[in-house]
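Produce the entire structure from the sequences given, and follow the hints as far as they go.
There are 2 protein chains.
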Amino acid sequence: MKKHNFSAGPCILPQEVLKKAAEAIENFNGINLSLIEISHRSKEFIEVMETARGLVKELLNLPEGYSVLFLQGGASLEFLMTAYNLMKVNGKAGYMDTGAWSAKAIKEAKGFGDVDIFASSKESVYNHIPKKYTVPTDVDYIHITSNNTIYGTQFKEFPKTNSLLVCDMSSDIFSRQLDFSKFDLVYAGAQKNMGPAGTTLVIVKDEILGKTGRNIPAMLDYQTHIKAESMFNTPPVFPVYVSMLTLQWLKDLGGVAAIEKLNEEKAAILYKEIDKNPLFNGFAKKEDRSTMNVTFTLANDDHKEAFDKIWNAAGVSGIKGHRSVGGYRASIYNAMPKESIQVLVNAMQQLEKEI
Amino acid sequence: MKKHNFSAGPCILPQEVLKKAAEAIENFNGINLSLIEISHRSKEFIEVMETARGLVKELLNLPEGYSVLFLQGGASLEFLMTAYNLMKVNGKAGYMDTGAWSAKAIKEAKGFGDVDIFASSKESVYNHIPKKYTVPTDVDYIHITSNNTIYGTQFKEFPKTNSLLVCDMSSDIFSRQLDFSKFDLVYAGAQKNMGPAGTTLVIVKDEILGKTGRNIPAMLDYQTHIKAESMFNTPPVFPVYVSMLTLQWLKDLGGVAAIEKLNEEKAAILYKEIDKNPLFNGFAKKEDRSTMNVTFTLANDDHKEAFDKIWNAAGVSGIKGHRSVGGYRASIYNAMPKESIQVLVNAMQQLEKEI
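From first to last, the protein sequence lines stand for chains A and B. Under our numbering, the first sequence is numbered contiguously, ending at residue 355. Under our numbering, the second sequence is numbered contiguously, ending at residue 355.
There is no bait here: all hints are sound.
It does not matter which identical chain is meant; a pair holds if it fits inside one copy or across any two.
When the alpha-carbon atoms are kept at most 30 Å apart in a straight line, the in silico BS3-like pairs for lysine-lysine are as follows: (1) K309 with K43; (2) K2 with K19; (3) K43 with K20; (4) K286 with K3; (5) K320 with K43; (6) K88 with K104; (7) K353 with K309; (8) K122 with K227; (9) K43 with K304; (10) K43 with K3; (11) K227 with K320; (12) K227 with K251; (13) K110 with K88; (14) K211 with K92; (15) K2 with K43; (16) K107 with K156.
Read the hints as simulated data drawn from the structure, not as lab findings.
Structure, rendered in structure tokens:
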């Protein structure tokens, strides 16, 4: 039976991408060798890396002066690389605390200097994005998390600052059109909208680097990777290749403008049912609802067994909510088809009929 | 035409591993989902990670008290993690300089404390492993590189020390039987004998950690990863899975004892021809010759065009030597079949006949 894969990440990827990725494992581009057994310095792989980097620039409409890197270590390594590369010796940074991932970023930054947490929604289990706050001005940079996977909240407007703006976009990059000239450093683990786990996209404005007075280890210094065109050491070949395929798929679909429209339509179908169906409650505040992760709970937990039976029978998978929120979380990333969302909505409606 | 893939890394992997890896991309274990679109916290992937870690322990016959981790960032990130985790504040470490990768490890360690380079073969273009040296005793650890991919040299005996012994085994781990109780920390990028690029194997004796007095960022602290059973953040799912498949293949073949015998036979075939054929010279000193990377040059460079034509026509690929050594390098890792080595030997013999 076909599965409807609502996993939060690693998550659904386009079927045609999976097919091409499998082919490349057996015979890459007809060269009678596997993608994963050729040199990363071969012309074939250099072309993959350059195509992937070029697609990022094109799809996000990046201004001049930004570098695109495919690194390793996930957002978790970026938490410390951000601070290492941008926080001056005896410096200070401003962080917004909008969820568990923000909190982890804050923890790492504290190892490098002062951290001013100038806004937080922790006390309401991160069910919204703080609105009333004063952005500190005596900081080296401001850090935010654009989409909060666990809670289903998403920044619709970004803080205005004269400092550098750093954004963890792991779970909503490539999902909507943004003006990237307003950001100085953006990072994102691949495993949501871009590809499989194992590579991290970094977009950095070149001119902000090299100004902290710190002696940064080579592998943690963005300038190392910029200079080496993202090939300082052996890159994660397969994750980069699948990211390239996924970005090509997105381009063929009409790019970020087209997927943004689709994502809004998809999210609207599900939120409409949550608001209409008396058996369910949305978790995130309406004005901050994410188009990527839809969090909801049962109004009455006694219906859990019945509901779980219905969606399981329909082939839905991966909608169990995170333990800190409970209930359900439907992750509806770029590759999620509208039909799968309808299957979930049908399951919710069936519960209403049965009760 | 079938290719005979002598790439230095990423490199040849067993054909049956590639086939299974391709299948898992389309439908993993018959669950109707791809390996790369399921949660890393799913029972299916946790089993992959645990099987892979278990196979490492079993195949290497690791003693009690050692942890096995699959991390990211390659040996290049380990260069600094080694120093971060083991070099005390105001501490000192002893390094042997046996090639370009040793030199990179030394460079990173210098950011953390004093480095005593107590032996080096740099002046003879790293064509041998130093034998006469005094191991320093006033150090936090000793660091060596067991196999030097670029130059084709390999430690046959390891330095004796009362300090901790750290070894970069990126290019010969799983190729020969070793007594791992003599090592305190071993690391290896996957992309030689273990799997595709994108994961790094770390084997560490638990009791040596947490003793430096340093405040280590979470992602760079081995204790973080030990505590989280190698799942502190999203692991590189596909590289770990293919590593698991490759280790299973090795176990089915008879384990490290069986592959060691095969590797010795394979290397002997090629070195015998190098020594017998007057048109070729071996690069590395005989007593230090690697069973993984065989480096050789033409006695007369005028024969280059003729030789290149012969091996190209035979389907040989990836034997161009590293620019710092020149000539040729045949990397004959675990997955390289004897037949491919015979094809290369035949090409060398054909050149002798033609000249």
